[in-house]
Every structure is written in C-alpha cells, then in structure tokens.
Amino acid sequence: MAYSEKVKDHYTNPRNVGVIENASGVGTVGNAKCGDIMRMYLDIDDTTGIIKDCKFKTFGCGAAVATSSMATELVKGKTIKEALQVTNKAVMEALDGLPPIKVHCSLLAEQAIHAALWDYAEKHNIKIEGLEKPVNDIEELEDEEI
Amino acid sequence: MGKLIYMDNAATTFVDKRVLDAMMPYFTNECFNPSSIYDGAQDVKVAIDNARANIAKTLNAKSNEIFFTSCGTESDNWAIKGVAHANKEKGKHLITSKIEHHAVLHSMASLEKEGYSVTYLDVNENGLVDTKKLEDAIRPDTILVSIMYANNEIGTIEPIKEIGEICHKHNIYFHVDAVQAYAHIPIDVVSDSIDLLSVSGHKFNAMKGTGFLYIKRGTKITNFMDGGAQEFKRRAGTENVAGIVGMAKATEIAHNEMKERIDTNIKIRDYIIERLLKEIPYSRLNGDKNKRLPNNVNIGFEFIEGESLLLALNDLGVCASSGSACTSGSLDPSHVLLAIGLPHEKAHGSLRLTISHETTIDDAKYVCDNLPKIVDRLRSMSPLYEDFIKNKGE
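The listed protein sequences correspond, in order, to chains B and H. Each residue of the first sequence is one higher than the one before, starting from 1 at the first, in this note's numbering. Each residue of the second sequence is one higher than the one before, starting from 1001 at the first, in this note's numbering.
Here chain B stands alone, though its shape is the one from the complex (with noise of 0.2 Å):
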C-alpha cells in the first residue's frame, strides 16, 4: 500500500514544524533503533484547559513526520479532555490511512500527546482523568493493539 495524497501532503507541507518556548508540557517518545523519534510541544491555557498551540520536531519516515503533523493540527484548539480523544486511529482517519507497517507511527503521535499532557500535570501537579503514563517504547504497545 502506498502513501495517501493527504499522508503526502502532511510530508511534503508538514503543519507546526517547531519548537514552543517555555511550552506547558514537552513530550517525547520513541527511540532512535526503530527509527522514528517525536517531541511534541503544548501550550495550554491554564484557566480554560485550551490547547492554544501545538508543535512538532520529528526524526523518522515520511509516515512519521505526517502523523506529528496530522496530531498537531487535530489537538490545536481542544480542550485537554478533547485532545486525549486524538487517538492513533483518528489520526490515521485523518490522513485517510497508513500502510500497515507504518500504523506504529501513528501510535507514537499519539503517545506523543499523551507524553506533553503528563509533562503538563506533572508540572501543575494535577491528574488528568483517563490519561496513563506513556510508553517511551512503541514496540511495546504494538502486540497489544494492533
């Protein structure tokens, strides 16, 4: 199976390419051996929980940098409730699907997220409602989810 033309244009013109300056919550995982690795950047309002931006860095495939860039643009504006509903399925919704080898990229935009809003809570100290501990390893999750 072959890239979508919307995975295409994620990676060609990938959206939120970035660094956020003392950011609310910075989250990375994956790892160098598979080859993809994602730092995603959050900047939340604190008062309404409003995800005003959202940035990427990205080392990986052309899938990779277009599920960072599917995820930024599907968390923008959400609350953190809403944001946590952006999960690797709706990503890949989004970019009308991924060849199955390359479904482990839009698990790690997903744990991406979850990675930044843990960072948020553990700065501010709070829990957030149905948020688990990411995985830093994607691997590990793949056995059980795909």
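The hints are simulated quantities; they were obtained by calculation from the structure and are not laboratory data. Just so it is clear, the structure is predicted and the values come from calculations on it, not from any experiment. The hints are all genuine.
With a straight-line cut-off of 30 Å between C-alpha atoms, the simulated DSBU-like cross-links for lysine-lysine are: (1) H/Lys1390 x B/Lys123; (2) B/Lys33 x H/Lys1390; (3) H/Lys1392 x B/Lys33; (4) B/Lys33 x H/Lys1278; (5) B/Lys52 x H/Lys1390; (6) B/Lys33 x H/Lys1289.
Let chain B serve as the given structure and place chain H on it in line with the hints.
Relative to chain B, chain H alone:
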C-alpha cells in the same frame, strides 16, 4: 516534474535498447523450443549456445561452466545449498560474512536449520572482510566459503583474489555473489580462484528474471531442478530464450564499454562524494573510499532519517535508496550498516546513490545542489539535531 534522475542502478537498471532489439525475434519469429529438432528450433539452440560462450569468455570460464538461472537469488541459493548438500559427507560447516545479501544469509540460515553450522565473519568499519580471520575460521569440516565480490549497499569490493587463494590452499569451495560487480568491473574466475559465481542480468541492462551461475568444472553440487536435459541436466526447465540472448547482449555491451564506463562513473561518483561531504556537515562516507564500486555513493547524514530524505528527493524527480528501516520493510535498519559499526540512528540516515553510464555530471550537480537544502530542512525538524545543538552550546 522535469527529467527523471535515476540513481538507483544497484536496485535495477533500464533494459538497453540494443538488448531489447536482440531479444525481440525470440518472442515472435524465433519462438521455438530449443529442445525441438526442426531447423528453426535448432537456430534457437545455437543462439543459446552462443550466449553461453560469450558470457563464459567475459569471466575466463568455459562454456559448459555457465548455467542459466532466473535471477541472482536463485544462483546464490543453488550455489550454497547445492554445494552444502552434495558435500555433507565431507563436512557441514560454511563461512560467510555479515554483510552478504539476504539471498546468501537466508540460504545459510536455512542450512543451519538442517543442522549445518555457519560462521558469519565480522567486517571492518569500511565493510572489508579480514582474510586472516577468514583463514582462522576454517575448520576440518568446512566445505564452502561464500563472500560477495562487492557489497550492494556500500559498494565495498572484497579481497576476492586473496580469499580464493586461501580457499584453494585448504581445498574448500569458494562461492562469490557477484551480482553487483559482474559487468561493472573485470572478473576472472581463474586468477581469482573462484569455484562458483552468481550473477543477475537486470543489474547490467538485461531484463529481470535472468541470471546465471558459474560452476567450475568438477565442482560437487546437486541439481537445482530435475526434469529435462536443459542446462546440462543441472537446472531443468525450458530456457528463457529471449532473456538469455538479451543478457548475453548486455554482457557484450557492458564489457566493450567497461573501461570508459568505469572512468566516467568514478569521475561522477567522486564529484558527488566530495561535494556532499564538504557541503553537508555531520556526514560521512559509508564503505571503503578506494576499494569501491565505480557507481556507488553511500553517505550517512546524522540526525535525519533515510525515508524522509528519499521522499524529498522523489519530489525533485530523483530516484535513490536508503538503508533505513522504513525502506527495508522492517523496523531494523540495514544489516550492512550495523555490521560496519554504525549505531542505529546513524544507520537510519543513510543515502545510497548508484549511478550508471547514463548519469551525467549535470544530474550529479542537480542532486548536490539540492541535497544540502533537504538535509537542512529535515534537521530543522529533527529532535535529535535540536538536542545535539543544545548540548553543543552548553
């Protein structure tokens, strides 16, 4: 999109127009079975004999030592398993290197399941097999050494002549996977002491589905396919006549033009290597600088991943390849790059450009002009580069 710049000739090549012309009659007017008795069929048989003789000549081999196969992988499988099975009374130990093609490595693994034992030799940081270590690995029950002539990813040319001498001194068969080397650099099976040599046609402008195995006369090897009398009863099955005639034509062209092809390839290869290493920081040449195939460039760029690089090149009409996991269909990067000692993140960021006699210096310029921008852009979005710059500043 403008002109396509094809720099993936180690993957496959375009069929030469002259090769196609030589093949055409065997699809139409000369479409007889060479095993038949009438005139037309006998002419086809002669065409195969001539093809065999012409190919043999290029290797300093004899006609009856060339066996047509369907591809390089088949040749590798036949050579390794065939020699192993035919010589199991003598011993069940084989020696190879860690950077062989999967056709060799997986054939070896299959023999291991049957109870054979295999030594996988390490290579140095340039991908060279250590002949001393190879000789030390030889045991009384060693029956075959299989080392590639040149590596498909990093282009390193192995010390084949020295290895051949060692094998013959110890009376062990020597198989060489020459898929990337044959018709690109001169090979002499006699002076290199080679007993078996695998070749694939589509790597030198013949069509896919063609190949051959050179088997030195007197070599003990099992038949690959049983059936009719084709290929001296060693590899039965009606011949791929058009493919064989085309491969012989491609062989002839490649050998006639070899000297000038090597010269121009090396010029363009070194131009690309020099410019990329100079203009892109944190880059390194993979493979040996001098003992290298004339058409192979393999450069690692730190902090970026190969597939993104290939996709960006694809947008510019450049076809290239990488040793990254994502292009291999698994999560592991190239076993070759890991074997030369690269850590995973560096192995993921490699770019292989394999040029041909049709590559121009303008093609090379275009690629070299654009690559620094692509690498810059990918680094600007790499968390590894971000961390590197941060740590450097501290």
